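Chemist: What follows is the residue order along each chain.
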Amino acid sequence: MTTMTEKTKVEIIIDDVAYQVNADSNLLQECLSLGLDLPYFCWHPCMGSVGACRQCAVKQYRNEEDQDGLLTMACMTPVQPGARISIADPQAVDFRAGVIESLMISHPHDCPVCEEGGECHLQDMTLMSGHNYRRYDKKKVTHRNQYLGPFINHEMNRCITCYRCVRFYSEYAGGVDLAAQAAHHHTYFGRHEEGALESEFSGNLVEVCPTGVFTDKIFSERYSRKWDLQTAPSICTGCGVGCNTAPGERYGELRRIVNRYHSELNGYFICDRGRFGTGYVNHAERLQQPQDAEGKTLDAETAAARLREIAGKAIAIGSPRAGNEANHALRKLVGEANFHGGFSAAEQACMDEIVAFAGDPAFHNPSIREIEQADAVLVLGEDVTNTAPRIALALRQSVRNRAYELADSARIPHWQDAAVREIAQHERSPLYLFATGATRLDDVAEASVIDTPSGLARQAFALAHRIHADAPAASGDGGGNAAQLDQIAEQLAAAKRPLIVAGAGNGQVELIRAAGNIARALHKRRGNGERKPLDLCLLTGEVNSMGLHLLIRPENSLEAALEKLASGEAENLIVLENDLYRRAPHARVDAALNTARTTVALDLLPNRTTAKADLVLPVTAFSEQQATYVNYEGRAQLAWQVHRNHSAARPAWQWTGEFAHFREALHDCAVSAPAMARLVEVLPDTSHLPGGGKLPRQPERYSGRTAMKANLNVHEPKQAQDPDSALAFSMEGVPARRDATLLASPWAPQWNSNQSISKFQDEINGPLRQGHGGALLLERGAGGGFHPVPEADEATGIELTPARQIFGSEELSARSEAIRKRMSDAYVAISPGIAAGHGLTHGAAVSVRGEDASITVLACVRGSMPSGVAALHASDREIDFHGLGARVSLAPAAGDAAVALDRGLGELIVSDLAQGS
Amino acid sequence: MVSNPLTRNIDLSRPPFDLAAYEAVDGYRGLREIARGLEPSDVLDKVKDSGLKGRGGAGFPTGLKWSFVPMGDDAPKQKYFVVNADEMEPGTFKDRLLMEGDPHLLIDGMIIASYAIQANTAYIFLRGEYTESERILRKALAEARERGYLGNNILDTGFDLEIILHTSAGRYICGEETALLNALEGKRANPRAKPPFPQVSGLWGKPTIVNNVETVCNLPGIMAWGIDWYRGLTKGNDHGTKLFGVSGKVRSPGCWELPLGTPIRELMEVYAGGMRDGLELKGFLPGGGSTDFMLPEHLDLNLDYDDIAGAGSRLATGTMIVLDSQTCPVGMIGNLMTFFSHESCGYCTPCRDGLPWVNEIFRAFEAGKGSHRDLAILEEHVDYLGPGKTFCALAPGATAPLGSGLRYFREDFERHISEQRCPYKQ
Amino acid sequence: MNTEENQLIASTTVAADYLRETEIAEIEHERTLYPDARAVGLEALKIVQKHRGWVSDESLRAVAEYLRLPIAELEGVATFFNLIYRRPVGRNVILYCNSVSCWIMGCEQVKDKIAGELGIDFGETTTDGNFTLIPVPCLGDCDRAPVMMVGPDQHRNLDRADLGAIFAQYRKGKE
Ligand SMILES: Cc1cc2nc3c(=O)[nH]c(=O)nc-3n(C[C@H](O)[C@H](O)[C@H](O)COP(=O)(O)O)c2cc1C
Ligand code: SF4
Ligand code: FES
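Protein chains in written order, with our numbering: chain U, 1 to 917; chain R, 1 to 426; chain Z, 1 to 175.
Please note that a few of the clues may not be correct.
[Stated by the list, open to error] Partner residues are not named here, just some residues of chain U that face chain R (Cβ under 10 Å, in silico):
id: 1; residue: 55
id: 2; residue: 67
id: 3; residue: 71
id: 4; residue: 103
id: 5; residue: 161
id: 6; residue: 184
id: 7; residue: 186
id: 8; residue: 422
id: 9; residue: 712
[To be verified] Below, computed lysine to aspartate or glutamate pairings styled on EDC-like, alpha-carbon distance capped at 20 Å:
id: 10; chain 1: Z; residue 1: 46; chain 2: Z; residue 2: 36
id: 11; chain 1: U; residue 1: 217; chain 2: U; residue 2: 907
id: 12; chain 1: U; residue 1: 496; chain 2: U; residue 2: 408
id: 13; chain 1: U; residue 1: 138; chain 2: R; residue 2: 379
id: 14; chain 1: U; residue 1: 138; chain 2: R; residue 2: 366
id: 15; chain 1: Z; residue 1: 50; chain 2: Z; residue 2: 26
id: 16; chain 1: Z; residue 1: 113; chain 2: Z; residue 2: 159
id: 17; chain 1: U; residue 1: 139; chain 2: R; residue 2: 366
id: 18; chain 1: R; residue 1: 139; chain 2: R; residue 2: 18
id: 19; chain 1: R; residue 1: 77; chain 2: U; residue 2: 64
id: 20; chain 1: U; residue 1: 694; chain 2: U; residue 2: 668
id: 21; chain 1: R; residue 1: 425; chain 2: Z; residue 2: 36
id: 22; chain 1: R; residue 1: 194; chain 2: U; residue 2: 24
id: 23; chain 1: R; residue 1: 187; chain 2: U; residue 2: 171
id: 24; chain 1: U; residue 1: 138; chain 2: R; residue 2: 360
id: 25; chain 1: R; residue 1: 194; chain 2: U; residue 2: 408
id: 26; chain 1: R; residue 1: 77; chain 2: Z; residue 2: 36
id: 27; chain 1: U; residue 1: 140; chain 2: R; residue 2: 360
id: 28; chain 1: R; residue 1: 187; chain 2: Z; residue 2: 57
If you're looking for bench data, these hints aren't it; they were derived computationally from the structure.
Since the model is a prediction, treat every value here as computed from it, not as a measurement.
Ideal Cβ positions, reconstructed from N, Cα and C, are used throughout, including at glycine.
One chain only, chain U, in its complex shape (with noise of 0.2 Å):
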């Protein structure tokens, strides 16, 4: 929300100590600032102040003279030089305490069964404004619940009506179907009828709200007590963005994930796909033991020897969604030049000119906080609340940078919401999609271009043109609208900080390439002296696809490993942590293996090549080990190990024999891959740590630690070791509360809600304190030239496309539970135009042939599409979506089929759905 560019400070007197505090600012958030413990509810470090709950009033007088003072809410008044507060004046703490008691004269006072219970910030609240003594004896006012889905509970009888889940869900997130209901203390926070809420940022609420209102259903279902949770700085493994994240275990199970502050990155929020799509890891087939192809289990050492036995032959075919040590432990044990990528050919494209661009000097690709800062976006062929929804998230509020320059014009403070949003009104900076429909960003967007892929990449080559003569120019305005292209490139070579979009999501490199074009236009366009590098931000698919894209060699693609195979070049195939069927033609993929000598799988659940391997080793998951990841601005992170697997699985990079230690692995990644020369920095100084002492994963008040395997050993084990990191498997050790790049779940004194992050910031919403983890990769090199426009494609036939989906389309978290709660069927969308011309209703099967393969899926009669495109969304159905090439045709399959598709679409969320729907 704020800028971190220089602030003015500005003297004032609290509870008559001088304070140096930020001049644009209000009382609440610099006393937080400070350190100072005020009570407040409805403000959010994030979304600013509306002074409803009127929690933290404060004391303030008007001159040294002035001996009564007013009481005025913090979070309300701004910094004023010299200004004179006191929190602690007797009527302020006061009244306080009696808003507290206000607060809780309907809640229900069940914090033994409610979900929030010690991390409740309303408990904190109560304490800290010293209401312990209960005075109303009357009829309380109750409500009943919604139901919301399958990932969020409602418990309305504990609301304190802060209005804080409506302002993030609605006014910061964009949701529709959340909106305070009734009036006075019947107010009600709910939809206009039970149902799942749509907003891919629902879960969030869990986090927002400061009482158990919505809480995280899953979580629920199999609770503990932050306290009882083992825990450790995690990095959500759902998309390419890279989110900070806080999971939770206890008894072995991954029992629920939580944002984890970065002020670069997810700031305080995260996706639902990030929140609740990690089930998978308690997976009831999760990959237990060594197994040949029989399926007979090995004992891990025979089965290690295997692999390097077979090594010496073989090719591996690495994993962006692998860590980069066991990526470069494989790398390392069949040597760089028999190791692979695992990226589909098209992906492949996409990440190749994305780590180009990523080393332009003329780019810089922002991170969060900065694209959020931007004043005019284009985003190219991404459907980012899909591929990356924290992005999406970004973008939203990057439109409202104009509504921040409206409210300077009218002396209207940044944190002042209510009055922003009021004077804004649908005042937004310019947002532009190029997209093959609607999406989910439409609602804040200037203008949609819509077209097929090909089509858009060659409307974005016009563009660039448009920008800048130099860029070449696409015949005939690219089929675009030249008054609508025209206004895009004035809009975007007017703003001060520009920003274009686009990343690997569907797979079109010309899209990329148009993006550049783009972006180096309105780069030459700044003049001499303005030569700042253009935000580009490229987003990567999986959450270490760059890092296994700076692990390979350019000519090591997964097309030519299969093809090495399959022409007996190679004998042996090592796959890390990849089902190829995903990412190739089928019948090659078959092709490749079937040639195969020995294949070697090392994965976490069963899937299409696993079983097809000879030999499969079960691997760690995200949360049972630890790795570092590489993701779209090349910022690398480290992901530790937040609890133990009790099976064979190990971290790959254990498998290859390689390396003893994490630590000796990631070291000799970084030595022996140039880009990844600064990974070393992800990991933290631990050299404060008392007598080089550990931090505990387990906090203070952890219990049951001698019960919790009492029923099979009533002796105590031995507390477990971990020799690879600076945690321990323990409560001992002095907690992470003074280095910030080591904690997962802040506390300190009086807070244990998540709103204690703020005592680990020196100012809100900025760095914690000693920084935050990540080492930014990549080096700026050459620059680059413009790209040539490709030639217009003759070819007939429905151009195909990828659809993403949030749930759904990544491949771990749709085999999590809740996600397929919330999963669609595969289906393919098309226009009504195709559809009528096909025969083709909504919902009905739908055969898609294509070169090599014909698939049958749901149709998915969309309003807004182009005619010319089919979007294909292969959900968990096992569909051979590379087969089909580049063009399709469609006919009606038979009435059976769509039979077989049960999951239907009903869980679509989708603006444009046409008729039938």
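Based on the hints, put chains R and Z with the ligands in the right spot on chain U.
Modeler: For chains R and Z with the ligands alone, coordinates are given in the frame of chain U:
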């Protein structure tokens, strides 16, 4: 000279004046002056000099309020003028009289005000239940439109104005000017934080003036007969006349236009005819449900903003509610507390959750379950819900009768506790 | 570009099936009076209620879809205000003032009489569907208290009025 500019045309036994009749008695003179070249700033100066104070309750000087609207080339072009005709304050029945008695007076005033701040759109935010006012105003608006007093380029002045009649969907809080703006925008009528004031960022974020019906009805007279005349109307310190009403068990309840500064006793005894037979005056709320009680000893004060403030209350809407010796003060205050707790918008904590507690305590008193413990809690809430502590002035309004009632009628509360019943009930 | 815009199933057409022509015409008129769809939303609820007596779930949805407003938010508005009825009401809504001046003048006793006469309490509808009794804050006629509205009509000095006659007028006259 005219001495009752607000009600001179009002006679409820006949339909209100139509446009022609209204014009025949000096109506729309301000508009004609504007057509003759009066600048917006001239209008503003006149209103400032008149000393007119807002009649909506707060008594804020009208000209001063207008002067905060950004004017000039840098200022937003779109501005709005809004008439607050939400009249829902318990015991208040003055704006209805004006709208149903002389609708053109209001329209006349609106044109003047809109011109002064250069608003091209004006809304009348009318209470939904005022169906008769709606009918009458719609007719008058149509006449004014027909006559060219509304629309584009009014009387060749280059000034355009549309007046839109909006009927409220009902809630007392809609009368609070910022909540009113939210209601007009079709949102939940929660008030807005001030600053920014509506004059800077109001309706749809544009500069906006909200004035009460009666305030606006003062404008035609000021424009027609001048400042000296206007200042001469008063008997006291504040200028002009005002509508004063009396309800409760007086002989002839009603609403009258009187010079400011008229003694309260005159209003009560001469106009309202004194108490009904057998009853005595026990106290009164001088200006609607959110003012502090006054006592018989205050009868000799004058109906002036400062005089009434001196007695610890507010002149506010000027419509008095009389408490007689046989009506239970605890019941009366309890009735108001039910009203306020139900009409709280639910935005801020003290009001939303404090008033229901207060209300529950009154229900307990009513049911013969009053206790000293609860009485102490009532006392606490007077302070807790007071000015500056809540988000808007609704809750402080509720504390006015509550706090003064606890002070003046303590004995009655005590009797409810000691007798464990309402002593006024047979 | 080859979008088939007109094929869009505009939620508007769905809603338009539900809303009647007169309602749509009136809603469209409101659009000319307010620069923002949200403002029209509240007006549209009133319009639908005027024609149908109350705002059903279907009406709410139809208005939301027609004006493309978030339905949860529209519900939040509908449930905020006193005069939008989200439950069916009788043919005549009695808005009964129970505020302070009316209270002083005996509105509680009169209300008991009405309740007796019609057999309903606040919030209830007579079995013949003729009347729904709803309390309302001060109706601004305090010098003629107690007062109530039946439909659009104000009735004053109820302590002296013939309640039976008043209600009869609505029972018969306005079927
Ligand atoms: C809870 C509350 C209700 C109010 N109701 C009304 C009302 O019904 N009519 C009115 O004119 N002013 C009402 N006001 C006062 C307005 O906020 C505002 O001050 C007034 O409309 C300004 O007009 P004036 O300057 O002409 O007095 C109310 C204020 C509050 C706090
Ligand atoms: S005081 Fe607070 S809750 Fe009450 S009406 Fe005003 S804003 Fe709403
Ligand atoms: S935090 Fe200041 S009023 Fe809620």
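Chemist: Would the pair residue 46/Z and residue 36/Z pass a check requiring their Cα atoms to be no farther apart than 20 Å?
Modeler: holds (16 Å)
Chemist: Within 20 Å, alpha carbon to alpha carbon, are residue 217/U and residue 907/U?
Modeler: holds (18 Å)
Chemist: Between the alpha carbons of residue 694/U and residue 668/U, is the straight-line distance 20 Å or under?
Modeler: violated (24 Å)
Chemist: Check whether the Cα positions of residue 187/R and residue 57/Z lie no farther apart than 20 Å.
Modeler: holds (19 Å)
Chemist: When the nearest CB of chain R is found for residue 712/U, is that gap smaller than 10 Å?
Modeler: violated (50 Å)
Chemist: Against chain R, run the beta carbon of residue 161/U and see if the smallest gap drops under 10 Å.
Modeler: Holds, about 6 Å.
Chemist: Once the shortest beta carbon distance from residue 184/U to chain R is found, is it less than 10 Å?
Modeler: holds (4 Å)
Chemist: With a cut-off of 10 Å on the beta carbons, see whether residue 103/U makes it to chain R.
Modeler: Nearest chain R Cβ about 6 Å off; hint holds.
Chemist: Starting from residue 138/U, check that the Cα of residue 360/R is at most 20 Å away, please.
Modeler: holds (7 Å)
Chemist: Using the nearest Cβ pair, does residue 71/U come within less than 10 Å of chain R?
Modeler: holds (6 Å)
Chemist: Are the Cα atoms of residue 139/R and residue 18/R separated by 20 Å or less?
Modeler: At roughly 9 Å apart (the allowed maximum being 20 Å), residue 18/R and residue 139/R satisfy the hint.
Chemist: Given the hinted pair residue 194/R and residue 24/U, is their Cα-Cα distance within 20 Å?
Modeler: holds (17 Å)
In summary, the numbered hints that this structure violates are 2, 9, 19, 20 and 21.
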